[in-house]
Amino acid sequence: MIKDPQPKIQGHSIVLLGNFNPKIFHPIWFSSQGLIRDSEAQEAEIQIIHPDAAVFSLGWMKLEVTAQRFMVQTNQEPYYEVIRDLVQGTFSLLRYTPVKSMGINRDYNFLIGDEQKWHNVGHTLAPKEIWSDILKVPGLEEMSMIGERTDGLKGFVKFEIRSYKKEEPGILLLVNNHFDIEKLDQGNTADIACNLLTNNWKSCMTEAENSVYNLLAKLL
Amino acid sequence: MNLTCFNSISHLHAAEESHESLTLTDAINSQYALSDDELYGPDLISQFRQKLPEERLAMYTNVKGINSVYYSKRETERSTITVLTPQVGVKPILQLPKTAKKVDKSNSLQKWEGIVLELKEDRIIARLTNLDNPLQEDEAEIPLSELEPEDLNLIQPGSVFYWNIGYLDTGKGQRLRTSLIRFRRIPYITKKQIQGAAIDAEDLRQFINWE
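Protein chains in written order, with numbering that gives the first Met the number 0: chain Z, 0 to 219; chain H, 0 to 210.
Because the hints were derived from the structure by calculation, they are not lab data. Bear in mind that the values here come from a model prediction, so they are computed numbers and not experimental data. Just to be clear, a hint being listed does not mean it is correct.
[What the hints assert, rightly or not] Here are the simulated DSSO-like cross-link-like pairs (lysine-lysine), alpha carbons at most 30 angstroms apart as the crow flies: (1) Z:Lys165 x Z:Lys2; (2) Z:Lys165 x H:Lys171; (3) H:Lys110 x Z:Lys2.
[Claimed, not checked] Label pairs and their calculated CB-CB ranges: (4) Z:Ala125 x H:Glu136: 44 to 50 angstroms; (5) Z:His49 x H:Ile193: 31 to 37 angstroms; (6) H:Gln135 x Z:Glu208: 16 to 22 angstroms; (7) Z:Ile45 x H:Thr169: 38 to 44 angstroms; (8) H:Leu203 x Z:Gln46: 42 to 48 angstroms; (9) H:Arg122 x Z:Gly146: 47 to 53 angstroms; (10) H:Glu201 x Z:Asp3: 52 to 58 angstroms; (11) Z:Lys164 x H:Arg122: 47 to 53 angstroms.
[Unchecked claim] Cβ-to-Cβ under 8 angstroms is the rule here; a few derived chain Z residues that face chain H: (12) Gly102; (13) Lys157; (14) Ile160.
Ideal Cβ positions, reconstructed from N, Cα and C, are used throughout, including at glycine.
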C-alpha cells in the first residue's frame, strides 16, 4: 500500500484501565528492573510522582499513571516496539495488577495543503444539508465511529477524526483498538493483557495503518 | 473542606456526564460493565486517604478538559488535548502560560528486528527480519562500536534488538539521517525465579509422567 500523504506527526500509545499504584512508576524503578537504561532514568523529566499520579517523560516516550489508568505513548516511530516491550515488561513484573481493558492506539496528523480538499473531507463525512437551516456555515470539528472487532475478541475499534485549521488545514485521525479483558478462571488479568499484546499488537498496528490510508483514499 | 467540595463536584459532573453524553460506546459497554466493588471488593482505604484534587491531576495528565477527568473507566484512547475549562464553583488554579516546545520527531525508512546469533570479540552476527516484510531475512555483522554502551551487557546469543534507519527532524529544524539500534529490555530474572521455574517444570514433568 502506498502511504501517501505522509503524516506530519504520528504516534502510538498503549492504555490500560484497571487499578494501579501510581507511586511505583518512578523512572528509577524501571531502570532497576532493567526496563530502561540507567542514563534514561537519571535524565527523565519528572512532572509528578505522587500516590495519585505519576507522569514523566524520557524524550522518546511519556508515561502517565493515575489510580485507574496507565498510559505510555510515543511520537517516535522507531520506538513503537520499545513501548510495547515496556508495557509487557512492566506488567509481567506487576502481574497481579487488576486490568479491565486495554487500548492499542495509533494517531496521525495529516496536513492538507488544499483548503477545498480539507472542506471536502468534512462534507464527505458529515453532509451539511441537514444542518443548513440550523447552523450558519456548519463545519465538521470532531466525529467518531465505532465498530465491532473482527477477531472475535471482546472490545471494539473506534476511529476519531478531528479537523483543525492553524497555519495550514489538517486532520487528526485516532484509531483506538479496545480490548475488554475478562476475568477468567485461570490467569491474572495483567497476564491476559500481556498475552493480548503479544498476539495482537502487530495486527492492530498494521490494520490501523491500512484503515487510515483506506479512509484517506476515499476522502482526499 | 476542599476535599469534600471537590468530591461533591465530581459526583455532580459524573452524573451530568452519564446523563448528557451517553455515547454508543457507553451504551455498548454498559452491557457488561461491572463495578469495582463487584470485581475487587469494597475499597475501604482510599475513602480516607488524602487525594489530589481532580483539577490538580488534570494539570499533569492530558485529559480532554476538566470534565473528562471523570472519563469513562473503559476509555482506552490516547488523550491528546489539555484544556482546563473554567467551572462554576471550582476555584481556578493559577497556571503559567506554556510556551510551545518544539520536539524532535523521528520516522522510519526501514525497520528490522534482529536476533543475536553469535557474539565475537568486536562484533555480533545477527539474523535480521524486515518488520515490514517478515519473509525477508538477512544476516549481518554489526561492530560493537555501533551499539549503545549501556546495551552491551544485554548482548548474548538469542538477544533481540530493533534496528531503525530513518530521519530525525530536530526541533530546531535540522534533518539528520539516523541508524538506531536498541536492544529489547525484559525484566531481570532472579535466581529465585529460575529455581521456581525449574521446580514448576519438574512438577509438570512428573504430572505428565514424561520419561
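Verdict for Z:Ile45, H:Thr169 (Cβ pair) under range 38 to 44 angstroms: Check failed, 23 angstroms falls outside 38 to 44 angstroms.
For the restraint on Z:Ile160, tell me whether the closest CB of chain H is nearer than 8 angstroms. For Z:Ile160, the interface hint is violated, since the closest Cβ of chain H sits about 13 angstroms away, which is over 8 angstroms.
Quick one: are Z:His49 and H:Ile193 within 31 to 37 angstroms, going by C-beta? holds (36 angstroms)
Run the distance test for Z:Lys165 versus H:Lys171: straight-line Cα separation, threshold 30 angstroms. Judged against 30 angstroms, a Cα distance of about 20 angstroms means the pair holds.
Tell me if the beta carbons of H:Gln135 and Z:Glu208 are separated by a distance inside 16 to 22 angstroms. holds (19 angstroms)
Does the Cβ pair H:Glu201, Z:Asp3 satisfy 52 to 58 angstroms? About 57 angstroms separates the Cβ atoms of H:Glu201 and Z:Asp3, which means 52 to 58 angstroms holds.
For the pair supplied as a hint, H:Lys110 and Z:Lys2, is the alpha-carbon distance within the 30 angstroms limit? Satisfied, since the Cα-Cα distance of roughly 16 angstroms is no more than 30 angstroms.
Is it true that the C-beta distance of Z:Ala125 to H:Glu136 lies inside 44 to 50 angstroms, as the hint says? holds (46 angstroms)
I want to verify a distance hint. Is the separation of the beta carbons of H:Arg122 and Z:Gly146 within 47 to 53 angstroms? Roughly 49 angstroms apart at Cβ, these two residues keep to the hinted range, so it holds.
Cut-off 8 angstroms, beta-carbon criterion: hint that Z:Lys157 touches chain H: At about 7 angstroms, which falls below the 8 angstroms cut-off, the nearest Cβ of chain H leaves the hint on Z:Lys157 intact, so it holds.
Under 8 angstroms, Cβ to Cβ, is where Z:Gly102 needs to be relative to chain H, so tell me if that hint holds or is violated. holds (3 angstroms)
For the range 42 to 48 angstroms, tell me whether the beta carbons of H:Leu203 and Z:Gln46 fit it or not. holds (46 angstroms)
Violated hints, in rising order: 7, 14; the structure is consistent with all others.
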